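> Listed here are the chains, written in short residue letters.
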Amino acid sequence: MKRSVSVIAILLLCCLVLTAFAACKQEEVDHLVIYNWADYIFDQDLEEFEAYYEQVTGRKIETTYVTFDTNETMLTRLTRGDTNVDVVCPSEYAIQKLIELDMLLPMHYFDDDNSNEGKQFTSDLSANVDKDLYQHNSGNVEQGILDKVNETFGSIQVLNEESADYGKTRRMTDYFVPYMYGTLGILYNKVEFAEMGIYDEEILNQANWGILFNDDGNGGTLSDKLTGKILMKDSIRDSYAATVFYLKESGKLDDLVSESGKPYSEMSAAELINAVDDGLLEKVKDALSAQKEQLFGYEVDFGKDDLLSDNAVVDLAWSGDAMYAVEESWDDSLNDGEGDYKLGYYVPHTYGNIWFDGWVVPVTRDITHTDAIKLFINYLNRPDVAARNVLEIGYSAAVNADSIKADDRAKAILAEGYSVYAPELWYVEDEDGNSIAQLVDDSGEPLAEEDYDYGSWDEFEMYFFQNGYEDEEGNVVSYDEISDSNWRYPFASAQQHSSDSRSLDSLGVMRDFGDKNHDVVTAWNYARSTGDTGSTLALLGWTALAVAVAVGAVALAIWLKRVFRHKVRLRDGTKD
Amino acid sequence: MKNKPKFKFRLTRRAFAYPYMIFMLLFVVVPLVIILINAFLDDNKQFTFQNFVEFFSDAGGGLTVLGNSLVIGLVTTLICLVIGYPVAYFLAKYHASSRVFVLLFILPMWVNFLIRTLSTKALFMQLNVPLGMGTVLFGMVYNYLPYMILPLHTTLVSIDHSYIEAAEDLGADKMTVFLKTVLPLSLSGIVSGVTMTFIPAISTFAISEILSSSKIFLFGDAINMHFSKTTNSLGVGSVMSLVMLLLVILSNVAVNLTSKDEEVSAL
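Heads up: the sequence lines are chains A and B, in that order.
Here my numbering is used: position 263 in the first sequence is 263, and no number is missing along the way.
To convert, take the position in the second sequence, counting from 1, and add 576; that gives my numbering.
Simulated from the structure, these hints should not be mistaken for laboratory data.
Owing to the predicted nature of the structure, the values given are computational and were not obtained by experimental measurement.
One or more of the hints may lead you astray.
Cut-off 20 Å, straight-line C-alpha distance, at most; resulting in silico cross-link-like pairs (SDA-like, lysine to any residue) [as the list claims (entries may be wrong)]:
| no. | chain 1 | residue 1 | chain 2 | residue 2 |
| --- | --- | --- | --- | --- |
| 1 | A | K516 | B | D634 |
| 2 | B | K621 | A | R80 |
| 3 | A | K225 | B | M701 |
| 4 | A | K60 | A | D130 |
| 5 | B | K750 | A | A557 |
| 6 | A | K516 | B | D619 |
| 7 | B | K621 | A | G514 |
| 8 | B | K621 | A | A555 |
| 9 | B | K750 | A | L560 |
| 10 | A | K567 | B | D749 |
| 11 | B | K621 | A | K233 |
| 12 | B | K750 | A | A555 |
| 13 | A | K233 | B | G708 |
| 14 | B | K621 | A | K252 |
| 15 | A | K516 | B | F803 |
| 16 | A | K225 | B | P706 |
| 17 | A | K252 | A | T350 |
| 18 | A | K292 | B | L639 |
| 19 | A | K516 | B | F677 |
| 20 | B | K621 | A | R77 |
| 21 | A | K516 | A | F153 |
Hey, can you work out the whole structure from these sequences and the hints?
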């Protein structure tokens, strides 16, 4: 009897489990796995994308966000097949590498004829997608980025011998959709610089990348107080770029000719960082090794904290990180009590590095299942979504300035985020009636002008997109020639700055080191291992000395004791 | 059901060790074999000796780093020994009240060492001490001192007191008792203390990274860099790991040799 009861119970349980499975199967849910940098998207974007997806396709979707910390980690995991992800957001050189390995699905987000309708991209969407609700956003992407990428990478050859397409060439713009971009520059403590007497446009423009090497650009040091206060990035590529620029400016490459036969002195920024040859590597190695005695250390994550707590004064930094650090550094006591930012960001005017991160689809994905991927990538290029990501992340979105300026929702989001007085955009709702930007007080009334940091939207627009203001003659003038922390849109502001000598040509995109990768890694290891080793030898010397002294002292003590005892014994002897 | 299974699992006491043995095989032996294989592979997975050539020719500064690490490890061990021996000696001598003191020495080890090191850095920054060789040495000694004291303490406590009494009865003064009786009897403790300090000291990377802002670059940092910061220098990193492994084996051999000597002398 008992047995039959338990059998029935088990049967019942089985039924329950089965029906649960069946219920799961009935309500099919799509999945999208996003493999991205940590903190590199606005959290709410994912939820809102899920709502948007359901609206356009009528299907539910679940998104999963997986993160990586370096391009190298991401590359290793992708090439070993450790991860099953749908979209990845690597940097441009890692995309080059993935194309060479033939590991990416072509996207064709941009048309060959620049019509920006995305004919192939949209025609591949399945019947689930409501074509009336879908709007192709490739026209919003900054054309300058695509030009830079094509100029630097041109046609990439597939180097994977196992691939059927071995030896064929690919265009990077067919495979990726730009997401965010930024520059490489120098984050520094304005207050300390002023105390050292080097917070001066002329001095800094003379030193340029030499700031990281405590070199004033005229053969002297920038300031003795800077020694031991410089932070370098613990990243091979960024440190390499900064060092090559420094070598070029300081004339250390003047008489040298590269392996390609072109003298280094005639090279542009892009040519310079991509000309990786043995002679140059040797120079970089020596410069980095010698730089050690000027350094506070190498940082990966702690650079901002060390600068804010005055442990270090200078740091090699990316623009978004720098902007975040500058915003954090507001100090009310500065500027005679009016308050000012303690930190500043400086992109040397001579040469610089500009980089891009973009979305790609690894070839491991099922090609019939790309609706979610495509809708997601396209969704991120909507001006309002981009504006929110810019606010959240600090880097510049690939969506161009004009598209953002033309979109009311994007403007409202920026106006709210930066407290801009813009009564005409005071309240914005999304499709579901939720408020996404609100410039009203608790009672629903528009706020008064004095409640805002910025006077008007026009003023803010000049500041935000062009890093300056308009003078009476209509020229764009920078607020602060030394600080580039607001230089978010080099593509929008480079040509228009009359007072600024820099142009987009001074910013180079860095390719993958390719065959030279191993040599660069070896050189970097060598630079990190050597230099400043005098202290180790000195340490050995001092320890040897200390041990010798200690042993000598003990020996002396024992000897003295014996001599003393001997004397006592002698005296005892005479007594007898 | 007629055929009996050839292998029958019997629940003997030995069976309880199998899970751990399987664990060891999977997570210690297999990784070591993978490292060994990687040391002989180039970027394209072809057999090569190039990794060894690269390391021993000091192309990436690997040998220099090894030299620096050995020096720093040696100095750390020496300082730990000089500080740790007297501490262990007196803890052992006043045995009754020492349990509390021993606890005091073990107590910091219960705090995660990264947290301890980070707070040490914060202290140094607060006191305006420049980060560098001095701070790294301090951090090393601070972290590894318990590993020196504990084996020394164990050995010193286990010394039979009658040896010392015998030496005293035969007319040895305190210094002679220490030099001729206690010190030789505690030799095995010294060797295991030295090994337990020296090996982690040359392979650490977190202490030097935090307490010198990565400026002092040790062998552990170099191996870490080869594996985590770059995609295609696993080969050289594996060679470096093998060198590290060799050092560990050598020091274990040294420990075994001294303990054997002791057995002989004890007879």
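> Each hint should be assessed against the structure and marked as holding or not.
Going down the list of hints, with the structure as the test:
| no. | hint | result |
| --- | --- | --- |
| 1 | A:K516 / B:D634 | holds (18 Å) |
| 2 | B:K621 / A:R80 | holds (13 Å) |
| 3 | A:K225 / B:M701 | holds (17 Å) |
| 4 | A:K60 / A:D130 | holds (14 Å) |
| 5 | B:K750 / A:A557 | holds (14 Å) |
| 6 | A:K516 / B:D619 | holds (12 Å) |
| 7 | B:K621 / A:G514 | holds (17 Å) |
| 8 | B:K621 / A:A555 | violated (59 Å) |
| 9 | B:K750 / A:L560 | holds (16 Å) |
| 10 | A:K567 / B:D749 | holds (17 Å) |
| 11 | B:K621 / A:K233 | violated (31 Å) |
| 12 | B:K750 / A:A555 | holds (15 Å) |
| 13 | A:K233 / B:G708 | holds (18 Å) |
| 14 | B:K621 / A:K252 | violated (38 Å) |
| 15 | A:K516 / B:F803 | holds (18 Å) |
| 16 | A:K225 / B:P706 | holds (13 Å) |
| 17 | A:K252 / A:T350 | holds (15 Å) |
| 18 | A:K292 / B:L639 | holds (19 Å) |
| 19 | A:K516 / B:F677 | violated (57 Å) |
| 20 | B:K621 / A:R77 | holds (17 Å) |
| 21 | A:K516 / A:F153 | holds (17 Å) |
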